[in-house]
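Student: Spelled out from the first residue to the last, the chains are:
2 protein chains.
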Amino acid sequence: MASSSQVQAHLQAVEALKAKEAAFRYDHAALSNMTADEARANTIFTRLRDAEVLSTWEKQGDLVAFAGMDFYGARKNGLGQPSEVWNAVQRMPKGALLHCHFDGTVDTKFLLEHAKKTPGMAMKTDVPLSTPESLWKATVEFLVLPEGAERSKTSIYSEEYLPGTWVSFSHARESFPYPHPYSLEPRAQPNGDTTHRAASSDSGLAFDAYAHALMTLTPHSAVPAITNSKQAWAKFQSTFGVIAGLIGYEPTLKAYTKELLRSHARDGISYTETRINFLTEFMVRQDGTPDLDHEAWVRIFIEAVNEVKSEITDGSFVDAKIIYTTVRFVDNERLRWYLEDCIMLKKKFPEWIVGFDLVGHEDPLLPLKVYIPELLRFQQRCKEEGVEIPFVFHAGETLEDGGDADLNLYDALLLGTKRIGHGVSLARHPILTDMVKERDICLEICPISNQVLGYTSSICSHPSLLALLNRNVPVALSSDDPSIFENFGLSYDFYQLVISSKATSLVSLAALARRSIKYTLVDEATKQRMFQDWDARWTAFLAWFLQEYGHVAKQ
Amino acid sequence: MASSSQVQAHLQAVEALKAKEAAFRYDHAALSNMTADEARANTIFTRLRDAEVLSTWEKQGDLVAFAGMDFYGARKNGLGQPSEVWNAVQRMPKGALLHCHFDGTVDTKFLLEHAKKTPGMAMKTDVPLSTPESLWKATVEFLVLPEGAERSKTSIYSEEYLPGTWVSFSHARESFPYPHPYSLEPRAQPNGDTTHRAASSDSGLAFDAYAHALMTLTPHSAVPAITNSKQAWAKFQSTFGVIAGLIGYEPTLKAYTKELLRSHARDGISYTETRINFLTEFMVRQDGTPDLDHEAWVRIFIEAVNEVKSEITDGSFVDAKIIYTTVRFVDNERLRWYLEDCIMLKKKFPEWIVGFDLVGHEDPLLPLKVYIPELLRFQQRCKEEGVEIPFVFHAGETLEDGGDADLNLYDALLLGTKRIGHGVSLARHPILTDMVKERDICLEICPISNQVLGYTSSICSHPSLLALLNRNVPVALSSDDPSIFENFGLSYDFYQLVISSKATSLVSLAALARRSIKYTLVDEATKQRMFQDWDARWTAFLAWFLQEYGHVAKQ
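From first to last, the protein sequence lines stand for chains A and B. 1 is the number of the first residue of the first sequence in full-length UniProt numbering; add one for each residue after it. 1 is the number of the first residue of the second sequence in full-length UniProt numbering; add one for each residue after it.
Do not rely on the hints blindly, as some may be mistaken.
For chains that are exact copies, the list does not tell them apart, and a pair is met inside one copy or across any two.
What the hints assert, rightly or not - Only pairs whose alpha carbons sit at most 20 angstroms apart, straight line, appear in this in silico DMTMM-like list of lysine to aspartate or glutamate:
1. K418 <-> D27
2. K20 <-> D404
3. K18 <-> D293
4. K502 <-> D363
5. K20 <-> D434
None of these hints come from the bench; they were simulated from the model.
So here's chain A without its partners, still in its complex pose (with noise of 0.2 angstroms):
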């Protein structure tokens, strides 16, 4: 044997190393500070962490699950199932939701209960739905007629139905011919809900289920499996042309807005930087009319804020902005013309409108540096016009090394980008990677939606969370579109870190979401406003989970 004074010496060394890693980490002010509560809080948090994944996640023999697998093989496997972790991580506040895409948010069963309302309501396709398989190969459209258009009698589950001629959402719905063939596949529901399930033969019910499969990545036994990033972005690309024209009415918008606050604060959420896709220029009046224009959709979601907002009555905080967004198709030209409109909101709405971003596939699409004189000239109009509207990009949401889509880095970078929008590639870039953490940009990584989009098997595998966390470069964990891939709010992101890494604690958890804040869009009143409102609810969180779980310490 060595001696002992030299495997001290080891083990020191050892503790010596881990300490000045520690030292770099996000959480490490955080962990070095904390109250007599959050400590004991903390060593709960982690003793119950550490039961649970030997309870749900590495159970002795079982070869399929494993802490911080897929996102759908872990609800599959009880993932928002009531349990001591996620209980804790769902009631803990979160700050600020800093990247979320509008039409992508709200649970797509609350457009559709809208859409069932909603007598206007009508739903075209490009291939008669006359058999199963058509179902799952047809491009679906909905949209709000006005009052009296005319509608197809043509059923347009037969074989006379007319490709693109539009049929009553109401008589499509309740005359649905298929039973269960593209049931949802059996999910752990030990409360019995069934909400996700065609449980019944009603034939709304299943047609509900169809829809729901349309607008979600969740896996359905007769929809074709995805096996790779590819058929993910085709499936996800396909979701949002289901959802438009269930969300673009009037109506529905303003409630859906409303939602989304709602659903947010339910989840811990105080603030939602929500990415409006922009591209379409008009949605639909109240009367059918599809001439509602981007000012008009603004001030709905003004409205709806400002509603949700005087109904808190105990002074917490909640509120939500918007960032302008186009997609990365557009022509330079008509990239122009979405410039001005943002530029046109952001004057008549200082306020509301916090930034602008180019959204899309990275890989296909465009690179940002097509866009450069146009994005240069954006800068200089708002300097003419005297309104700031920072660029908050998207950037390295790819597996690309060295290609145009990782390239994005470096313009989004000398663009002054504010924040970078996913960043998968980041960590790869050494001297981008020193750049963003100096120049103190925060990015919004998204783990959920890129192990369901392909870019990683698991969060454990993410090629940047995990690097740039332990290197204290600002993250803030985000949903990206948590309708599509249904992990609603911020939830089952949090949940997902702290139940695979060891390292990650509840007060890490608690950094995290505390530092989100810092690297919202609004001026410094608001963020020291939401600072506190945080720190209240930390307070009160700290004091249920003590009450909650206090007995676990003495055990």
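Chain B: place on chain A using the hints.
Tutor: Just chain B now, with coordinates in the frame of chain A:
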């Protein structure tokens, strides 16, 4: 529009930033000092690579294949078939292979051919192979028995077979009663090669295909599919038990060692440091006596290597050395036995034993910290005995963040490891990454192994490979267990990297290959001989490449 000078300034800033990052990379010096031939070959190769990406991996409308996709998917899509990029990659000199496990290196078909020629070869299982299902549940073992040893006459395929009794290998092979329940998934084999399929109904060939399935992770239609790391490891570990009895026989051992060198030479590898697992104390002598000790194994290894070297008439370099390993489940007392055994062998064969390592699945097995006292004692003992046996530890072959397996990296580094096997989790440790770079410690990264064993879904999303390459942390691509994964040699790993990374060129691969020599554990004079040999091979390769593909430059 922004002024063209502003646009110019932006584009220049992007180029400057790209150059700054490129200057960090491992291939910077090589790319900055290209000869005219290298520059020409590099341009042509990149053109061929980009064309092959489009024609084979990123075909319009194909939602399945992609460049850098999972290894078995890539094999089905043609990886390993002749193509411009494959031919060049296969033919180029690859320097040293620093990480492969001896018993997982040579094609299992080679072992089967030897088993067929070994009269004493016997077989046993723990359940009768009386049903098709039993084939995949059974633990199958082989062993050469001494002449005259008793063998059961009962068929191993009958319900009467007494589990654990030895039967004749040749009889079991020839009477294999299952024609094709386990046929390999069809592969594109344009040259009509059907060696991987049980194409004939002949029992022997069918048995061979079964044995192949037992010894590899290659997907077979009848074998339960592997969908995660746990399942992959379970299957992976089972293969070694099947292989053990085939390889652990004096004449086979020698032939196998020779084939290891020869097959590596055919793939452009001139030197191999192979990890031999000395866990088993004895192998089987030519006459069937099971008392061939470690000293005798090493003698056989040396004889085999020297015989292959003596065949070399053109002066080219070929060699192999041994890294002594045992497995991370032995206790400290037992570990001391192996460490002393290692010292004994090093003293007897000072040129041949070049390092020590502990192997096995890091997540469930014992962490290095458990072995600290014995490992420190070993370093003292080496001093006393006047030998140098560097540690070359496996570490960070895990997706854990902060768990024991992840912490192996700290212990390995502080024990002074000369290289790191895998280091999948290294890039998430900023201080350790810097330390590895400062200490010039080479990472033996095994991209295909890491993907097959579930640490990443594709080479492109590997948590450390590109991050470390781009930081110029020393990396040597390695094959790990190529006979079990069937990524023989280094061509598959090199191909997957260069086909999926636009930032990687032919000269990048050459820089990687040449640098591997620097991190071998031989004396300086031998290294210099290897470098000279590599340089000569590279010159010859360039001449061949330019003759073969020079016309591409003119297209």
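Student: Measure nothing new, just compare the shortest in-copy and cross-copy C-alpha distances for K418 and D27 to 20 angstroms and report within, between, both or neither.
Tutor: neither (22 angstroms within a copy, 32 angstroms between copies)
Student: Is it within, between, both, or neither for K20 and D434, if the alpha carbons may be no more than 20 angstroms apart?
Tutor: Both: 18 angstroms inside a copy, 12 angstroms across copies.
Student: One pair to classify: K20 and D404, alpha carbons no more than 20 angstroms apart. Within, between, both, or neither?
Tutor: Classified as between; 18 angstroms across copies, 37 angstroms inside a copy.
Student: Is the C-alpha distance from K18 to D293 at most 20 angstroms within one copy, between copies, in both cases, or in neither?
Tutor: Classified as neither; 56 angstroms inside a copy, 42 angstroms across copies.
Student: Quick one: K502 to D363, C-alpha cut-off 20 angstroms, is that within a copy, between copies, both, or neither?
Tutor: between (33 angstroms within a copy, 13 angstroms between copies)
Taken one by one, the earlier hints fail for this structure at numbers 1 and 3, listed in ascending order.
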